[in-house]
Every structure is written in C-alpha cells, then in structure tokens.
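> This is what each chain is made of:
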Amino acid sequence: MKRCVGVVDTTFARVDMGGIAVEVLQRGLPGYRIVRHTVPGIKDLPGAAKRLIDAHGCDAVITLGWVGGREADKYSYLASSIGLILVEVLTGRIIIDVTVHEDEAKDPKRLKEIAVDRARKHAENLVALVKEGPTALTSMAGKGLRQGYPDVGPL
Amino acid sequence: MKRCVGVVDTTFARVDMGGIAVEVLQRGLPGYRIVRHTVPGIKDLPGAAKRLIDAHGCDAVITLGWVGGREADKYSYLASSIGLILVEVLTGRIIIDVTVHEDEAKDPKRLKEIAVDRARKHAENLVALVKEGPTALTSMAGKGLRQGYPDVGPL
Amino acid sequence: MKRCVGVVDTTFARVDMGGIAVEVLQRGLPGYRIVRHTVPGIKDLPGAAKRLIDAHGCDAVITLGWVGGREADKYSYLASSIGLILVEVLTGRIIIDVTVHEDEAKDPKRLKEIAVDRARKHAENLVALVKEGPTALTSMAGKGLRQGYPDVGPL
Amino acid sequence: MKRCVGVVDTTFARVDMGGIAVEVLQRGLPGYRIVRHTVPGIKDLPGAAKRLIDAHGCDAVITLGWVGGREADKYSYLASSIGLILVEVLTGRIIIDVTVHEDEAKDPKRLKEIAVDRARKHAENLVALVKEGPTALTSMAGKGLRQGYPDVGPL
Amino acid sequence: MKRCVGVVDTTFARVDMGGIAVEVLQRGLPGYRIVRHTVPGIKDLPGAAKRLIDAHGCDAVITLGWVGGREADKYSYLASSIGLILVEVLTGRIIIDVTVHEDEAKDPKRLKEIAVDRARKHAENLVALVKEGPTALTSMAGKGLRQGYPDVGPL
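Residue numbers (the working numbering), protein chains in the order written: chain A, 1 to 155; chain B, 1001 to 1155; chain C, 2001 to 2155; chain D, 3001 to 3155; chain E, 4001 to 4155.
Mixed in with the good hints there might be a few duds.
[Unchecked claim] Result set (SDA-like, lysine to any residue): computed pairs, CA atoms no more than 25 angstroms apart in a straight line: (1) C/K2074 x B/D1103; (2) C/K2106 x B/E1102; (3) B/K1112 x C/K2074; (4) B/K1002 x C/T2138.
None of these hints come from the bench; they were simulated from the model.
Computed from a predicted model, the values in this text were never measured in an experiment.
Using the sequences and the hints given, assemble the complete structure.
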C-alpha cells in the first residue's frame, strides 16, 4: 500500500491551513497518500491524529490548530500540546504541531499572513523530514528559523 | 448489539447540557443506544468517560463540563482537558469535550444561551463525525465556526 | 472477600476530612470494607490511591486534599489533579477527588465548615455512585450542586 | 537481597538535602540498603527515580529538589511534579517528593533551615511509611503538619 | 554495535547548541557513536528523542531547546518538559534537557554566552553520568551548581 502522511485541522480556525498543508505535501511527497481529517477545535487534535495513524498507518501527521485569546484557550492549547506530544511518543511517528494564536496580530490581514506562512513552512519541514530523514534540518540547526515570521538568524 | 454513544455530564453544571446532548444524539443517531453517566464535577469526566467506554463499548462520547470562575477551577479545567485527551488517545474513540466557563458571561440568561448553543452544536458535530466519518467536517475547515457564539467566519 | 472502598487523606490538611469520609462511607455502605491510608500532602495522593487499589482491589477511592495559598501549592494541586485522573483512567475505578484550598476563606471557622461540608457531600456522592451505579446522580445533572457551599441551582 | 530505599538529589540545590535524607534513612531503616543517585536539576528527578527503582528494586524513593525563582523554574517544578507522580503510579512504589523553592525566604540562613527541616521531616515520613505501612501517619491525619515550617495544627 | 548517545536540537534556536554538545560528547565519550537529529522547535523534542532511542538504542540523549518570550512559548516549554520526562520514564534512558529562554538576557551577546555555557556544562554532565554512572555527580550534590551562569555555591 502507498505510504501516507496525515493532515488534521479544525473548523475553529479562521484560515484554511489544512488546505495549504495538503497542497505542500502533495507537491513535495508525490509518492504518498495524503489523508485529511477535520475536527472542531484544538483539544480534538491529539485523538484525531491517533485515530488517523491507527486507521491509515501514516508515517507522519501535521496538525493545524487555532487558539483563541481567552485564558481558557491558553489552557486548551497546553492540554492539546501535551496530548500531541503523547501521541508522538506512544506511536513513534512524526507529528508537526502548527499553531496560530488569535492574539498574535490585531490586523486580520496580518494574522492570515502568519497562518499561511506558518502552515506552508511547517508542511515543508515535514516534507524534508519524511523525504530525507531526521538529519534533514541539521544544516539549519541553531539558525533562528521562524514560521509565521521572518527568520531571526543566529546570534 | 446496537452500537452506542456516551454522554457524561455533571451535577456542578447550571444548565442541563447532558439532556440537550441526549436529545440531539437520539434524533441524529436513531440506530444507536445513547448511554448517559453523571458525575459531580469536571475532574470526574475523564474517568467516567473511560468507564463508560469500557462498559458499553461506545464508539464516541460527549462530555459536558462547567468551570467555575476561581483560579483553582481553571487548573481543574486544565487537568480535566488533559485527562479527556488521554482517554481519547488510549481508547481510540472520539471524545468531544464541551465546556462552559462561568465567567464567559455575567448575565445568567446569556450564560445559559451559551451553554445550550454549545451543547447542541457540539452534539451535532458528534453526530456528523459518527455518521459520516472523519471527513464530515472538512468542508467547514478553517471557516471560523464557533459553539456558544455566532460563527466568526474565515479571514 | 468483602468489597472495599478506599479513603486517602493527608497530614497537611487542617481538618480531619478523612475521618468524616470514613463515617459517611461506613454508614452508607455497610457491606463494604473501608480502607484508609494517610500521606503527607496532596502530591502523594495519586500514588497512594493506586497502591490502595492494587493492594485491596477497592471499587472506588475518595481522596481528601488541602492546598496551601502559595503559587507553588497551586502547581502542586494541578500535578495532583492530573495524577488522580491518570489513576482513575488507568485502573477504571471511581476516584472522587475532594480538595479544600486554604484561601477559600480567611475565617478559620468558615474554612472548617467548607472542609466538613465538602468531605461529607462528596462521600455521599461516592456512596450513591457505588450503590446505584453511574446514573445515580443523573436526576441532579445540571442542577448547580456545590460541595462546601450552598447549591447555586440551575439557571 | 537486602531491601532498599532510594535517594535522588541535585547539584542545583544549595543545601545537601540528600545527605540529610541518607542519614535519617540509615538510622531509621537499619535493615535497608540506601542507594543515592544525583542529577543536575529537578526535571531530571523522575527519570532518575525510575532508573533507580528499575536497577535496585527499591521499595521507596525520596527525591530532593530545589526550585529557582523565575517563572520558567515554576513550570519546571510543575513538569517534575507530574513526572514523579507518573513514576509513582506506574511503579506502585512510594515516592516522597521534597521541594524547596528559592523564594520561600530571602534570608539564606532561613532558607537553609527550611531545607534542612523539610528534608529531615520528610525522610522521617518515609521511614514511618516503609516500617509501619500506609496507616503509619493516620493518627496525624488532618493535624496541619508542615515540613520546613512549624506545624500549624488542626482548625 | 558501538554504544551511542543522542543529540536533538532545533532550527528555532539562535545558537548552535547541538554542535557544542556534539563536540563535548565526542571528546568525552570516544567509544560512543554520537547521533544527531534536528527538529523545528521545542515541542518536537520529545518525539524526536523517542524515535532516536528506538532507532539507535542510545543509552542517553541530550536535547537542546530555545524558548521564545511569549506566554504561548512558556506553555510550549511546559508541554515539552513534560514530554521529555515522559520519554525518560518510559524508556529508562537518561535525557538531559537543556533549555535557554530568550528572555534570560536582553543583550544578544550575553544570551549567546548563556546558551554556550549551558550546552557545554550539561553535555559534560551527560558525559559524567554515562561514564561513571548515577553517582558521578554525588560529590557535587547540594553545591549550587548552575549552567549558563556562575555556580552560586551552597548556603
């Protein structure tokens, strides 16, 4: 069976980051099936990632979450982050966890730019890790790369 | 045996969100048994969801929690959220975790509206995911859907 | 062997909540052995609950914790809460986690009243869940019940 | 083989709490081997406790951590606390987690007194639990015992 | 097969801490293979450490993370810390978790010094623990050692 990579996104998000990830993955990993699941919000991401891996045996998953500006949303972000790490540790698969925080920018246009850039760059990170293995990014280690913002460079 | 979906709610809540979820699930999933458990508060939800899945083999569970306004309640919310994600990851079943925070609105009538709307919409999300599978919500990915509030739409 | 219910309390607490729980459980569950363990503080509760379940096979456990007023105590509360949920999820047994926060009241007499009322009411919750099963509290779902304070009622 | 109790401490700490614990344990548990491991900081305690239990089969472990005053240190404390509870739950062994927070006192002499008293009293707690079992502390339940400070007594 | 030690670092970091760790490990552990993986950010460290251990059977891993100054970054730090402890507990291998917080210093030069010193000293800690075992650091227990800053000494 064709190898696969998963995409999990949410209906809470205000930018179609999942669609962007699918495009980058299809272009970068032509030999792979791309499987996409959608859930309501960030707290649903870890369970969905786990089910996607169990059902399709994907080598890697990219999750795309959107975090509101309230204190409760921040705790949801923390719970979701712990959950995604747990799935990654228990399954041994790569999970790239892309998150946009609604309070990163007041200007909706800027916020959208952040989301688009972050989803795209992290999907490219996943392509590199899946194609070239765990040393794919080593030449950029410590280089101050950013997703959603310009790279800040090494000190 | 008939397939089942679980509902777990609390006596701490000030709105009968569990009852609303049961109604939506019975209407939307006529072929399913709906099993309802009730616990004192949010920290009891993960254990109850796990026992309900173990005892009845439910495909999915919706939990309905109510969070007080004190700092300790927020930490209880965080612990509960982590626990529900843990159950979802360990069992592979869908858990939709619906939560109302007492400080979301000062007006009791408004707070009740939030709770009713959120319970209903998330129960509908669960119906869709159970009936149509994990791509049921993909056409709405990134659309800024909200539960308890009007949708905010995509950027 | 006689079925059993466990009680775990602490020497840090300033009210003998464990003793109150034992009384309520003995009266409400005459057919059960009541096993009581005591540990220094809240972070010791999850491990003790797990050992008590392993050693005695108890159906359910009530833990009674007392949280100091410092920031570090709040983090201890969070860690303890996550741990108790973990034990409940891993063992499938009911754990009712009763907690009093030292800063809930400035007046020592009031604080003691909160602790006594909360321990008693939650022990009664446990009696109901053990005797009547997971629908014992369903008639009170969404009714705004409180432990340590008067019920606030439904909205 | 002689039964054993473990001690895990850190090079980050500013008081030799591990040494104090070893002394109390040797005096109180003459029939036991006392095994001591040392790690850099608090986040290393859970892994070291687990390895010590795996390697030596110790019945119980006391860990002695020192937490800095920065926000990041508090999060490290939380992660460490969750980890130690996880080890206790997974192994079924007693772990007494002793922690001093650098901001508990401004005066270095007072801070040292807190650390010495807390390490000693908690090592004594461990001796009692190991020698007499899980009811060793029940006569002191709810008595407002403190470690590092004078007991505050029951309300 | 030659025994191995792992290094996991990030492209988010602004100093090549992974490179520093590799140098110290190669010099201090000449009989070991040093395997280096690189991931985008701190939340990717636990999964990468787990995969590195699974793939290469390394005895120990050093992870090198860089934490931004926003509140969300602090929660990412907490999730990552919990995840690394989880990997350490589940695998029984030593994981030394080195972290620099961007807000530790305003001066970039000072921040770089902190990162270099911390990576180097913690790599040396790992060399000692791997070569001499879990008592390697016991003579320094309670001595107030610091990484990234001068030692503060015992009280």
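> Hints first: check each against the structure and report whether it holds.
Each hint, compared with the structure:
Using a Cα cut-off of 25 angstroms, the hinted pair C/K2074 and B/D1103 holds, with the two alpha carbons roughly 20 angstroms apart. For the proposed pair C/K2106 and B/E1102, the alpha carbon gap of about 23 angstroms is at most 25 angstroms, so the pair holds. For the hint pairing B/K1112 with C/K2074, the CA-to-CA distance comes to about 30 angstroms; that exceeds 25 angstroms, so the pair is violated. Distance restraint check for B/K1002 and C/T2138: the Cα-Cα separation of roughly 23 angstroms lies within the 25 angstroms cut-off, and the hinted pair is therefore satisfied.
When held up to the earlier numbered hints, the structure conflicts with hint 3 and nothing else.
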